[in-house]
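**Student:** Chain residues, written in single-letter form:
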Amino acid sequence: LEEPLLFEIGQTDTTGVDLPEPAGGPNRLGGMDRSEAIGLPGLSEPETVRHYTRLSRQNYGIDLGFFPLGSCTMKHNPRLNEKVARMPGFADVHPLQPVDTVRGALEVVNELANWLIDLTGMHGVAMSPKAGAHGELCGILCIRAALEARGDARKVVLVPESAHGTNPATAAFAGYEVEDIPATSEGRVDLEALKARLGPDVAAVMITNPNTCGLFERDMKAISDAVHAAGGFVYCDGANFNAIVGKVRPGDLGVDAMHINLHKTFSTPHGGGGPGSGPVVLSEALAPFGPLPYVVRTDDGSVQLVEEENAAEFRHTEAFGRMTAFHGQMGMFTRALTYILSHGADGLKQVAEDAVLNANYLLRSLDDLLDAPFGPSGPCMHEALFSDEGFAQDISTLDLAKGLIDEGYHPMTMYFPLVVHGAMLIEPTETESKAALDQFVSALRSVAERARAGDESLKTAPHYAPRRRLDETLAARKPVLAYQEPVAPSGQPTMSEQGGR
Amino acid sequence: LEEPLLFEIGQTDTTGVDLPEPAGGPNRLGGMDRSEAIGLPGLSEPETVRHYTRLSRQNYGIDLGFFPLGSCTMKHNPRLNEKVARMPGFADVHPLQPVDTVRGALEVVNELANWLIDLTGMHGVAMSPKAGAHGELCGILCIRAALEARGDARKVVLVPESAHGTNPATAAFAGYEVEDIPATSEGRVDLEALKARLGPDVAAVMITNPNTCGLFERDMKAISDAVHAAGGFVYCDGANFNAIVGKVRPGDLGVDAMHINLHKTFSTPHGGGGPGSGPVVLSEALAPFGPLPYVVRTDDGSVQLVEEENAAEFRHTEAFGRMTAFHGQMGMFTRALTYILSHGADGLKQVAEDAVLNANYLLRSLDDLLDAPFGPSGPCMHEALFSDEGFAQDISTLDLAKGLIDEGYHPMTMYFPLVVHGAMLIEPTETESKAALDQFVSALRSVAERARAGDESLKTAPHYAPRRRLDETLAARKPVLAYQEPVAPSGQPTMSEQGGR
Amino acid sequence: MRYLPLTDTDRSEMLAVIGAPDVDALFADVPEEARLTGPIHGLPMHASEMAVEKHMRKLSKKNLAAADAAFFIGAGAYRHHVPASVDHIIQRGEFLTAYTPYQPEIAQGTLQMLFEFQSQVARLYGCHVANASMYDGSTACWEAVAMAGRVTRKKRAVLSGALHPHYAEVVKTMAKFTEDEIAHAKLALQPQPDNDGLISRIDDQTSCVVVQYPDILGRLPDLRQIADAAHEKGALLIVVNTEPVALGAITSPGELGADIVVGEGQSIGVGLQFGGPYLGLFAVTNQKHVRQMPGRLCGETVDAEGKRGFVLTLSTREQHIRREKATSNICTNSGLCALAFSVHMTLLGEKGLRQLAMENHRLACIAADRLAKMPGVSVLNESFFNEFTIRIGRDAREVVRTLADKGVLAGVSLGRLFPDADGLADGLLVAVTETTSEEDIETLASTLEEVLS
Amino acid sequence: MRYLPLTDTDRSEMLAVIGAPDVDALFADVPEEARLTGPIHGLPMHASEMAVEKHMRKLSKKNLAAADAAFFIGAGAYRHHVPASVDHIIQRGEFLTAYTPYQPEIAQGTLQMLFEFQSQVARLYGCHVANASMYDGSTACWEAVAMAGRVTRKKRAVLSGALHPHYAEVVKTMAKFTEDEIAHAKLALQPQPDNDGLISRIDDQTSCVVVQYPDILGRLPDLRQIADAAHEKGALLIVVNTEPVALGAITSPGELGADIVVGEGQSIGVGLQFGGPYLGLFAVTNQKHVRQMPGRLCGETVDAEGKRGFVLTLSTREQHIRREKATSNICTNSGLCALAFSVHMTLLGEKGLRQLAMENHRLACIAADRLAKMPGVSVLNESFFNEFTIRIGRDAREVVRTLADKGVLAGVSLGRLFPDADGLADGLLVAVTETTSEEDIETLASTLEEVLS
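Same order as they appear, the protein sequences are chains A, B, C and D. Residues in the first sequence are numbered consecutively from 35, following UniProt numbering. Residues in the second sequence are numbered consecutively from 35, following UniProt numbering. Residues in the third sequence are numbered consecutively from 1, following UniProt numbering. Residues in the fourth sequence are numbered consecutively from 1, following UniProt numbering.
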């Protein structure tokens with residue numbers, strides 16, 4: 035049974051709530067009363083539950099199976115975290131309640147901040163960024179604020195070509211010119227080329243470590259030293275922190291700012307595209323410029339939340355501003371802290387080790403059949419990268435990915451990083467069992483054999499999914515972005531026309 | 035992907051909880067320490083969630099679609115009810131806590147009891163029965179206790195042949211001989227035949243009203259009067275109370291005892307087969323014999339919970355005993371009360387009306403194509419009954435039902451009641467929309483046309499379900515009721531043998 | 001009404017199809033004088049979700065939740081930590097809103113789960129086969145007695161005095177009507193169960209002996225001796241267990257000679273819930289007895305393509321087929337609770353169950369040692385798992401109520417459990433689980449000391 | 001570790017396949033001196049679910065939950081009743097644990113939901129197209145200003161003084177770096193918004209005018225006049241709404257001339273959550289502006305068999321394709337909150353939304369009338385929806401804190417929102433929703449009277 039659109043089954047006079055009919059009479063709306071219909075369809079509660087339950091069954095999630103999206107870190111989402119986030123003292127408190135009535139919530143922020151600082155070996159943390167990209171922006175703005183504070187108007191940010199798209203977009207958004215850093219043939223930043231480019235115009239270098247080829251940047255400390263010597267700052271994209279949490283602290287490698295994707299490393303749910311949460315840890319040099327609200331460790335070792343009200347008290351008056359209306363993603367903080375406390379310092383180290391072990395196991399279980407361009411570069415970290423080398427002429431990475439869908443799997447990340455042709459980036463995470471990996475390897479090997487043999491049926495895969503291949507070109511060429519009522523057959527009433535002009 | 039058995043993927047040394055390793059050393063187990071392995075496989079939490087999520091997707095539920103099981107009353111289960119049942123004051127209290135610490139829980143029992151008494155027009159209610167059949171037993175035992183109290187050793191219980199199988203089983207369990215009551219050609223109890231059978235040996239008549247043919251027993255009052263005149267009692271099977279709640283009170287029709295399936299009328303979830311909950315309302319004549327714990331309305335109109343401790347205080351010393359260890363299905367009481375308060379007296383009446391309206395709409399939308407043996411007997415109540423009359427010779431009701439599965443529906447109740455050949459009993463309930471009914475009618479009509487035309491493919495349906503037809507004969511002939519490890523290939527360790535001697 | 005999808009327009013259109021002037025015409029068979037004309041007088045009208053939630057929350061807050069107290073109550077229902085994922089899974093609509101799996105092709109989720117559940121219970125109990133669950137431990141206990149009657153064709157059951165008194169009461173209530181004879185020993189406060197007394201009551205007319213393990217005082221009877229005595233007289237041994245966690249630490253009843261093992265499964269996955277719904281477990285050690293078992297059974301089979309699948313089976317024992325000749329009138333099981341049990345047991349696994357059991361025992365030992373040190377208090381038990389009996393030298397009912405006022409739910413007084421018995425009034429049953437902290441134990445001890453002094 | 005499935009046996013077998021002696025060999029690229037040798041010193045080790053839950057519950061109980069107080073706080077986040085079914089649906093694993101729908105064939109659930117969400121938001125805002133959501137209202141507000149700059153190729157934004165001060169602060173923070181000019185009027189406590197003052201600041205260099213509706217004081221500006229003035233100078237009108245429930249009662253910004261409508265969607269389905277995650281809404285009235293929009297868009301298309309389906313589209317605007325030339329660096333949306341919003345809005349439907357809005361307004365009128373009667377208290381607003389400003393003749397920050405000690409969360413003092421502004425200190429913003437009972441209003445009034453006297 036296909037599930038129709040809400041707009042095809044709902045009616046504007048149906049409702050799934052029981053509220054009183056408005057009494058009418060005078061009001062205080064200042065003459066702005068709505069007179070036109072809005073056109074919002076409603077459903078009774080049974081119909082609503084069924085509509086969304088059915089829709090959900092058109093989705094694939096980590097609860098259903100292995101979800102090997104490289105760089106996205108699809109790991110198990112513990113249900114304890116969901117339960118904790120719903121405790122009334124967290125879910126049912128307002129961000130503007132008097133501080134004395136939210137002491138426990140602030141303790142959550144502080145406890146989490148404390149862990150993030152300790153795990154990264156940094157000095158302070160800006161908790162408010164709403165997602166990874168927002169955190170990047172926060173970090174780059176800290177760097178710009180620090181440079182401006184010393185009257186240094188540098189204009190360039192260096193970004194490796196293999197970086198996440200958010201890196202250059204962020205630097206540009208913050209008003210910088212973006213220049214590429216080349217990579218070595220083994221998939222790492224070219225230290226010599228980088229050094230050659232450094233100079234008084236370079237504000238910062240943005241490095242992803244472990245990088246998007248799944249490799250650890252061996253020269254990280256040397257890079258940091260060189261950048262610092264040239265008067266710039268080092269931004270580290272922390273999207274892949276899950277590979278090294280508890281094993282190495284970015285602060286020890288000279289990083290000045292790094293965002294942490296709580297949904298990746300600390301398993302807050304992705305929810306079909308968000309919400310994320312991207313706290314940014316900062317070095318001593320950048321900490322004074324962190325935006326409000328901000329969390330800092332004071333001299334006595336305690337951790338304090340700093341807002342506009344108490345910025346002076348904590349000597350945090352150089353904050354570059356505010357990135358969002360309230361305190362940040364509190365609902366994600368409770369989940370992340372719950373996850374961290376569950377694992378503890380020992381468990382988090384095990385997380386990194388098992389994630390890396392799983393990735394290397396996949397790499398070595400597949401590299402006889404799939405080309406691993408950086409296979410000889412040493413062990414991978416949390417993800418394994420392959421190219422489409424060896425596929426039959428007319429079979430693409432996309433075809434292989436869609437073929438995997440027919441095997442019951444979500445595909446890996448495709449065509450990223452851009453430095454590898456037809457890239458396939460596979461990240462197993464630490465929450466997959468060996469049995470699950472073995473089953474996946476066998477499925478992927480079978481599809482890869484077909485790709486090498488030029489099996490034409492791959493080109494029309496998937497065959498067994500809720501939909502066959504969707505026409506993305508049509509969607510972009512003639513965008514239909516909102517429901518519009520079909521022209522009504524004569525005599526039939528139509529639902530109110532789409533609102534607006 | 036097929037989901038393997040837990041026993042095929044779990045390991046006895048894997049666990050999804052974090053508990054300390056036992057320290058060893060002396061204990062107080064009195065020498066009963068376990069030495070042998072148990073053989074219980076474990077899974078980590080991610081694997082557990084995935085195992086059961088995948089299993090769940092092999093199931094059909096009311097959340098997924100229309101579930102027209104006649105006599106089973108598959109209606110929407112509001113999520114508010116689930117939320118309320120989990121409030122700590124209900125979920126996290128022990129049945130043996132001092133009474134002063136569970137006043138709110140007792141109020142729930144009392145409030146619900148109050149509603150049940152008012153809605154049925156009865157005198158008292160035994161809340162503890164754990165399910166409908168347990169309630170039936172409770173009611174019959176009340177009757178037997180009442181008869182014994184007056185020294186009357188009657189031996190026979192009369193049951194219509196269309197009754198639920200639980201009715202005769204219950205009467206037999208309570209030590210009675212069971213005799214059939216015949217039905218008229220229009221599908222109701224034959225009043226004259228009943229009167230003729232009544233006598234000093236008849237302890238009770240068990241009537242289902244509305245009956246299992248979906249009809250209201252018009253002569254209910256006359257039946258009751260006749261039974262009472264003959265010194266017997268009237269037990270009413272309340273499984274179908276949902277059809278008349280708020281429209282007529284069984285107490286007004288002379289009923290002495292009736293159980294109420296909270297999961298049917300008041301929408302506590304069926305949960306794949308339970309738990310149920312079957313409070314029994316009692317007439318003034320039977321009320322003194324209701325088992326403990328018991329709820330009674332006192333002279334001042336208040337409602338009181340009576341237990342062993344205070345039985346004397348409430349003059350309830352003739353209780354026939356105790357049916358279960360504790361107070362009954364508290365978790366179902368909170369849900370049922372939540373449901374009742376949501377609907378209110380007006381909404382419950384609407385529930386009955388919409389349930390009956392939906393059933394008659396189905397009856398009249400199908401009776402040109404499907405034989406409705408009691409169609410001429412007047413409006414049906416909450417369910418519509420059809421027979422296999424008109425099907426091609428070799429197509430059965432079972433084939434039609436399995437064909438419906440391929441259309442995306444759960445089949446209706448089949449081969450019940452026994453009085454109709456190839457019976458199909460369809461109960462839409464009040465929580466289905468007209469659009470959902472129309473869609474179902476169209477699907478059922480298409481399958482029915484195929485059944486009439488003798489479409490052979492129906493005989494092997496379902497074709498699109500997680501499983502094709504299952505061999506029930508094999509299951510019963512060679513019962514495999516627990517997992518047994520396959521014989522291990524040589525050299526491989528086996529999991530511990532199945533426990534026991 | 002938020003749960004009712006029909007609009008007034010729908011209703012009119014449908015009445016037109018039916019050919020009825022109004023909805024009351026559909027109730028024409030109800031005698032006019034019995035028909036209610038409007039909503040029942042004096043009852044409230046429908047209410048919004050918010051209003052109902054507020055009302056129920058208010059009632060909920062009138063109770064002292066176990067989490068908010070120092071908590072030591074057991075006596076047949078135990079407070080254990082249930083992992084959050086258990087509750088998540090049982091709320092999946094596909095499990096929660098499914099019916100009894102009578103259409104196996106679209107109910108493999110429930111059926112495979114039940115098959116796994118049966119296998120888990122059988123292994124836990126050391127039995128051959130378990131059924132797909134029953135209402136609760138007390139009703140399962142009576143079903144076992146009734147089954148023993150069918151198997152042995154005898155009508156005399158011998159009940160241990162240390163059987164949970166509510167269980168005994170249920171058995172006696174039912175036996176009154178089936179005219180079975182129940183021989184029930186009196187309970188005495190002894191450090192060890194009175195096996196000899198029990199055995200002395202077994203005779204040739206005895207269908208079964210019913211023994212609880214651990215027993216109502218928390219003691220651990222050695223079952224082998226009773227099993228031998230029962231079997232010698234042709235009686236079955238029924239063992240009742242109300243704390244399945246114990247079986248992670250002690251030998252299973254099946255291994256010790258029980259013929260039928262029944263019990264309450266609530267400890268694993270289900271929670272306290274003021275007494276219900278709970279989970280009756282029922283298993284037998286002898287395959288030949290399977291067809292005399294009550295309740296549903298799920299079995300393995302194959303589908304038309306030869307794929308493994310599961311179905312409800314042996315239903316010729318059941319009421320919907322056999323009617324008055326059924327082995328029981330039971331119709332529902334406790335499916336959702338069985339699911340919760342099975343999920344929790346899967347999370348535990350053998351390793352976790354053993355750890356959990358030993359952690360319970362460790363804390364119980366700490367509590368017993370702490371209480372034994374108090375003046376005026378003595379620990380009765382020589383052996384126990386996670387629950388034991390103390391004597392406090394005065395009527396425990398009163399003391400329990402006083403402690404409750406101070407936020408300590410100290411246990412169950414034997415006076416409450418056995419209101420008519422002599423010599424038990426100063427006994428207090430104290431249960432300790434992994435949810436009990438050492439701080440809780442200290443709170444119990446110091447508050448009890450305060451009250452007793 | 002309950003979340004880690006690998007056993008030590010698995011680990012050894014896998015290392016053998018890899019050909020590594022131990023797991024540390026896999027970290028060979030990490031410089032030895034930076035490698036941590038054991039768990040970080042001073043941090044706690046792993047803990048059981050029960051222990052973590054207890055710890056977090058303790059922290060939770062240190063907060064005063066809104067349900068336990070008389071609650072009147074708004075100022076950009078509103079407490080509404082969220083139906084239980086909303087939370088049930090967002091916890092379905094298929095929604096909760098899915099990724100961004102980059103593989104549309106197996107993500108139609110998320111995609112169809114987003115398409116429905118976009119359609120709902122567009123209609124609610126009276127716009128042509130809405131995106132698939134952003135972080136929150138404040139960041140959506142800045143994105144709108146940035147988009148207006150791209151559309152008009154001008155760099156001067158005029159902000160109403162009655163824009164939420166946190167929103168204005170976010171805009172100003174970002175503008176510092178992009179070197180946009182921000183003209184921001186000062187807020188004065190007037191019964192009506194200062195439209196004339198705002199209009200007087202619009203010039204030919206103005207890219208956009210940003211107006212909040214209802215504004216931060218709860219007032220309802222007539223947007224038509226501002227729209228005309230802005231459009232005359234070639235500027236776009238950006239309307240910010242922080243209370244979507246209001247749009248059930250008042251005319252939508254799109255219908256009144258807005259070019260971009262942004263806002264906070266938290267009121268519908270999401271809950272308070274101490275400030276996040278929330279739900280940024282973003283919509284435009286002019287189809288030509290679609291390609292300048294930030295954030296994800298979901299569009300309709302067909303599959304290879306011609307069946308309708310949905311995909312993320314127009315991604316050439318986005319960072320993962322355009323990198324430094326993207327319209328925004330935004331990468332995630334607020335998908336799960338968008339789902340909650342969409343489910344709640346579906347339950348409401350137009351009928352329910354209007355009822356909800358009018359019930360909010362009705363109760364707010366009762367509260368305003370009640371407070372206006374108090375000595376020393378005056379109501380500022382001539383118009384309002386469910387939030388209004390009162391003046392209490394003394395510093396409201398102190399009064400709010402005193403009331404909180406008495407269990408009354410009375411609202412937000414203007415002094416807290418505008419710490420640097422003059423003349424606002426005695427202002428208190430009071431929000432009233434359907435969750436506010438008339439009893440709560442009475443509690444507020446009487447407690448306030450007690451504190452003020």
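Just so you know, these hints were derived from the structure itself, not from any lab. One thing to keep in mind: the hints can contain errors.
Claimed, not checked - Dumping the calculated BS3-like pairs for lysine-lysine here, alpha-carbon to alpha-carbon at most 30 angstroms:
no. : chain 1 : residue 1 : chain 2 : residue 2
1   : C       : Lys54     : D       : Lys233
2   : C       : Lys155    : C       : Lys307
3   : B       : Lys189    : C       : Lys325
4   : D       : Lys155    : C       : Lys61
5   : B       : Lys117    : D       : Lys58
**Student:** Now look at each hint and say whether the structure bears it out.
**Tutor:** Hints versus structure:
Between Lys54/C and Lys233/D, the direct Cα distance comes to roughly 53 angstroms. Violation of the 30 angstroms bound is thereby established for this hinted pair. For the proposed pair Lys155/C and Lys307/C, the alpha carbon gap of about 45 angstroms is over 30 angstroms, so the pair is violated. With a C-alpha separation of about 17 angstroms, the suggested pairing of Lys189/B with Lys325/C holds against the 30 angstroms cut-off. Taking the CA atoms of Lys155/D and Lys61/C, the gap is near 57 angstroms; set against the 30 angstroms cutoff, the hint is violated.
Note on Lys117/B and Lys58/D: the hinted pairing holds, with a Cα-Cα distance of about 21 angstroms set against a maximum of 30 angstroms.
The structure does not agree with the numbered hints 1, 2 and 4 stated previously, though it agrees with the rest.
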